[in-house]
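Chemist: Here is what each chain is made of, one letter per residue.
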Amino acid sequence: DVKVTQSSRYLVKRTGEKVFLECVQDMDHENMFWYRQDPGLGLRLIYFSYDVKMKEKGDIPEGYSVSREKKERFSLILESASTNQTSMYLCASRSGASGSVKQFFGPGTRLTVL
Amino acid sequence: DAKTTQPTSMDCAEGRAANLPCNHSTISGNEYVYWYRQIHSQGPQYIIHGLKNNETNEMASLIITEDRKSSTLILPHATLRDTAVYYCIVAYSGAGSYQLTFGKGTKLSVIP
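Line by line, the protein sequences are chains A and B.
Quick note on the numbering used here: the first sequence kicks off at 1 and runs consecutively.
Quick note on the numbering used here: the second sequence kicks off at 1001 and runs consecutively.
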C-alpha cells in the first residue's frame, strides 16, 4: 500500500514565523497535493505538483508556497504564519498514469498559529 | 460549486448494511464517481470508484444507477470502526485532471 507521511501531527507556531510542512510518499507518484481542511469549508486545494520542480496553484494559494526538489517529497511553506492559517493540513499523492484516479492521503498536520 | 448532494448524517446498527446515497444529476459522460471516507482526525481514505458499472472491493460496493445521476455506497456489515464522514466525489480522471473537490459528506454513525 502507498504510504504518505507528514513530518508532524501537531505543530504550534507564532505569528510571523516561517513554517515548513513536509510530505513524503514512497510509491514513486508523479502528482502531489497540499490541502487544508477547516470546519464547514471542507478540503480546499492549496497547491499541487505534477512533477519535480513543477507546481500549480490550487484554489487558495495566497500566503503559501511549495517546493518539490525530489519526486518523493513535497513541502508546503508558510512564509510568515498568520492566525488565519491555523488549520489541518493534508498532503496527498497520486500516480500520473492516465486513468489513475486514487489520491492517497497522509495523516494530516494540525497547525496552530498563536 | 457542489456537484454532489449527500445527506448530512446517517445512523446504522452494528452488523447491518450501511447504504449511503449520493445524487450527482449533472455528471458528465467522462466523469467518475469516487468515494472516500475520513475517520476523525485522520486523512481521507480512498474506498472505491466507478464509471457506470457496479463495483465491489474488499471494503464496499458501489451501485450506480443506469442514468448515472445517483449512486449508493454499501458497507455490507458495518462495524464501529466504520464511523466516519463519507464523501462522494465526481471528477474527470483523464490526463491533466488533478483536482478532487470534497463536499461536506455524510457523517455515518455506527451504533452498537
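No lab work stands behind these hints: they were computed from the structure.
Check the hints yourself; a few may be wrong.
What the hints assert, rightly or not - 30 Å max Cα-Cα, derived BS3-like pairs, lysine-lysine:
| hint | chain 1 | residue 1 | chain 2 | residue 2 |
| --- | --- | --- | --- | --- |
| 1 | B | K1104 | A | K102 |
| 2 | B | K1069 | A | K3 |
| 3 | A | K57 | A | K18 |
Chemist: Mind listing which of the numbered hints don't hold for this structure, in increasing order?
Modeler: 2
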